[in-house]
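Just so you know, the protein sequences line up as chains Y and P, in that order.
At position 343 of the first sequence the residue is numbered 772 (my numbering), and the sequence of numbers has no breaks.
At position 197 of the second sequence the residue is numbered 626 (my numbering), and the sequence of numbers has no breaks.
The set of hints was computed from the structure by calculation and includes no laboratory data.
Errors might be hidden in some of the hints.
One copy or two, either will do: identical chains are not told apart, so a pair holds if it fits within one copy or between any two.
As the list claims (entries may be wrong) - Lysine to aspartate or glutamate pairs mimicking EDC-like chemistry, simulated, CA-CA at most 16 Å apart: (1) Lys820 to Asp478; (2) Lys857 to Glu586; (3) Lys611 to Asp714; (4) Lys802 to Glu477; (5) Lys589 to Asp472; (6) Lys802 to Asp478; (7) Lys841 to Glu571; (8) Lys505 to Asp463; (9) Lys857 to Glu547; (10) Lys692 to Glu811; (11) Lys841 to Asp801; (12) Lys494 to Glu578; (13) Lys546 to Glu853; (14) Lys719 to Glu816.
All values derive from a computational prediction rather than experimental measurement.
2 protein chains.
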Amino acid sequence: MNYQGNTYPFRQDSTFLYFFGIDKPGLAALLDIDHDTETIYGDELGIEDLIWMGTQEKMADMCMKSGINRVQPYEKLASDISKSLAKKQKIHYLPPYRERNVFEISFLLDINHEKVKENASAELIQAVVHQRSVKDKYELSEMETTMNEVTVPAYVEAMKNIRPGMVEYQVSGLIEGIALSKNCTMAYPVICSVNGHILHNHFHGNKLKKDQLLLIDAGAESPMHYATDITRTYPVSGKFSSMQKDIYTIVLQAEKRSVAAIKPGIPYNEVHMQAAMIIAEGLKDLGLMKGNTRDAVSAGAHALFFPHGLGHMIGLDVHDMENLGEDFVGYDQDVKRSDQFGTAYLRLGKKLQTGYTLTVEPGIYFIPVLIDKWKSERQFREFINYEMVSKYLDFGGVRIEENVVVTENAFKIIGNIIPKEVAEIEAKMIS
Amino acid sequence: MNYQGNTYPFRQDSTFLYFFGIDKPGLAALLDIDHDTETIYGDELGIEDLIWMGTQEKMADMCMKSGINRVQPYEKLASDISKSLAKKQKIHYLPPYRERNVFEISFLLDINHEKVKENASAELIQAVVHQRSVKDKYELSEMETTMNEVTVPAYVEAMKNIRPGMVEYQVSGLIEGIALSKNCTMAYPVICSVNGHILHNHFHGNKLKKDQLLLIDAGAESPMHYATDITRTYPVSGKFSSMQKDIYTIVLQAEKRSVAAIKPGIPYNEVHMQAAMIIAEGLKDLGLMKGNTRDAVSAGAHALFFPHGLGHMIGLDVHDMENLGEDFVGYDQDVKRSDQFGTAYLRLGKKLQTGYTLTVEPGIYFIPVLIDKWKSERQFREFINYEMVSKYLDFGGVRIEENVVVTENAFKIIGNIIPKEVAEIEAKMIS
């Protein structure tokens, strides 16, 4: 954080967790396919460490639990790799995202550090993505338990406590405190803002005003590091204004119909486009958009209000496997990423399979900087009623998000559903 | 954390905060002493960033608040440094502690990255330490406010809630949640453990048993990043056993008498040795030590029970300026660091000055690994009654800590004192 001895909390690499389950720093693993061996490299703690850190499980015992019976001191990694290179074995590795690991791989494989990321193995990435994408029952149970025991009660508690005059950090602190007191961390920095239209926003210093919406995007991460990722949008006063209810209802429809569309075989970019259609149609009903909805959506005009993707895979990472490369995870030879503003940000576009876990999170936002830009560039004047839009400049934004697993035939929402219907929210908040 | 887009929260470098007050990433500052100019290098956000991050204060406006009127794009830094090097100006820099900055400086100054840390400027370090060590009234007020509004109420709430059967993370989560909901973070990872004798211990998964002590070492960090650092040790049952009370009382005496000894001009290593004497004398009264106390302490026998230093400077870093080098901060030409086990870990040894802020944190621990080691090595058999010590192997540890400012003539404890007398704690906990 601010000096060598005051570190950020260690977060194990998710692929290392997936294959070896050992949540300790300073480890590396080598799978030798030619000789069918697996080795973990890492050092036992010395007596000096044990004085300060207490008795620790031996490396061999930890590794045996993962079915790995070859354990070597860390320094042996370099010589084992040298031997493999001398024998012309190809070394596959996953792309590192920490600077230290870039230089470690550069040293171990004797390649320039600027070449380390591009030389990562596409075959190994694809094999890992293939395996990690489909969640087994233990993984699903971990995610569901975390949702029901931590994320759901945290949201319910937050919803009941929201009052005009509070500051955003009081709400986000309440949620994070509940997660911590249940042995979880947050899977990603909490978004809790009356400026829901600012999508990359971790400022929590605004006072809640009674006419505002509060958008909360937060999810607990289990002790085994499985993520949850939920968004709700609440009226600060406990009651939606008519303008808020109109926009909220469109997003809720888009969210529920997107969830309902999920089944094995459907390309997720189709579900995204369907959500965009629902949003554009709803905005047309309110007079904010105009013209032919299908044409507007194919041209990308809806992205003024819904400029991000419908969702992403979730698992050991909140954006699951994002470190392996978004296109490896979310796209394939059949479905390529769009380059249109808005849809280009869709992280998951390919066909869904049974066992995939993903987020569904449509939203409608009024982003003054973007509105000004498009208006001044005279973009999509045939589809957007800028005069009407100008009445919504201080609206903020609405997003609603669930986590969903693709089942044999359809879908299942992970965990109990946190209240999201207008009437439910107003009943719980006003009481 | 686990991929490029899911980062740990940004923590600005404390020296950058001290001189420039700007809490944003991607900045560098260059002070040209020869030409009496100060320049901050950093880039304005583009329209794309503003769409996602909302309107941001302009670099020039932020810098002007710190009295800096020269602002340049970040890329200008390299050419300005090249020009200075060409003119044979010497470039002083502080030692980097983040890998990225090591490579940045290596690139900017064209020196091998392995030489970057050792080539940091001792003169600049000493000048910064000289200035940052003495806190002004604004800094003291920030620390006192954080203590009284966040750290003190968090401890009081925790103390009232401790019950047998709770798990450590419920207590640590309660404390951290209170800090977060008051717009603070923790200045360092919380220690909250029934194994208080394990000094480097962030495991919070133990259930609290009624006969145990719970040691909590935690402190809020203010939004301006000033730290607080408090330790208390509570009996889980709400009442100290007689054995616990005996040890606790020795530590409390050592702590109070150490605080009382603080005044300008006293070398802090003397206060440390006085605390060691009080601890050794107390342990002798209990039959755990024996022989001449002064001889025992000069030989270092007390370090079996008190193996760490009495305290350290505190300010923008919890171990203030530790990134600049402990010996630059805590020692000088008059007072050199001891190489004796225990006292060698004392971070602050030199003479205290008015305006220094520091921690006072003696402790007594029963560390089975260390006891076994010393016993098997037959260390200090003339001073330690190992037979008696063996009765304390499951005792755990006690530490009590305050933050203190050195005043014109003496000392002042920073903030309101969290209950630490045996009777006070038992009264608050049992009620």
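Against the structure, the hints come out as follows:
| no. | hint | verdict |
| --- | --- | --- |
| 1 | Lys820 to Asp478 | neither (63 Å within a copy, 24 Å between copies) |
| 2 | Lys857 to Glu586 | within (10 Å within a copy, 28 Å between copies) |
| 3 | Lys611 to Asp714 | neither (45 Å within a copy, 43 Å between copies) |
| 4 | Lys802 to Glu477 | between (61 Å within a copy, 10 Å between copies) |
| 5 | Lys589 to Asp472 | neither (49 Å within a copy, 42 Å between copies) |
| 6 | Lys802 to Asp478 | between (58 Å within a copy, 13 Å between copies) |
| 7 | Lys841 to Glu571 | within (15 Å within a copy, 50 Å between copies) |
| 8 | Lys505 to Asp463 | neither (19 Å within a copy, 51 Å between copies) |
| 9 | Lys857 to Glu547 | neither (52 Å within a copy, 61 Å between copies) |
| 10 | Lys692 to Glu811 | neither (35 Å within a copy, 76 Å between copies) |
| 11 | Lys841 to Asp801 | neither (40 Å within a copy, 55 Å between copies) |
| 12 | Lys494 to Glu578 | neither (27 Å within a copy, 46 Å between copies) |
| 13 | Lys546 to Glu853 | neither (49 Å within a copy, 59 Å between copies) |
| 14 | Lys719 to Glu816 | within (12 Å within a copy, 88 Å between copies) |
Hint compliance for this structure: hints 1, 3, 5, 8, 9, 10, 11, 12 and 13 are not met, and every other hint is.
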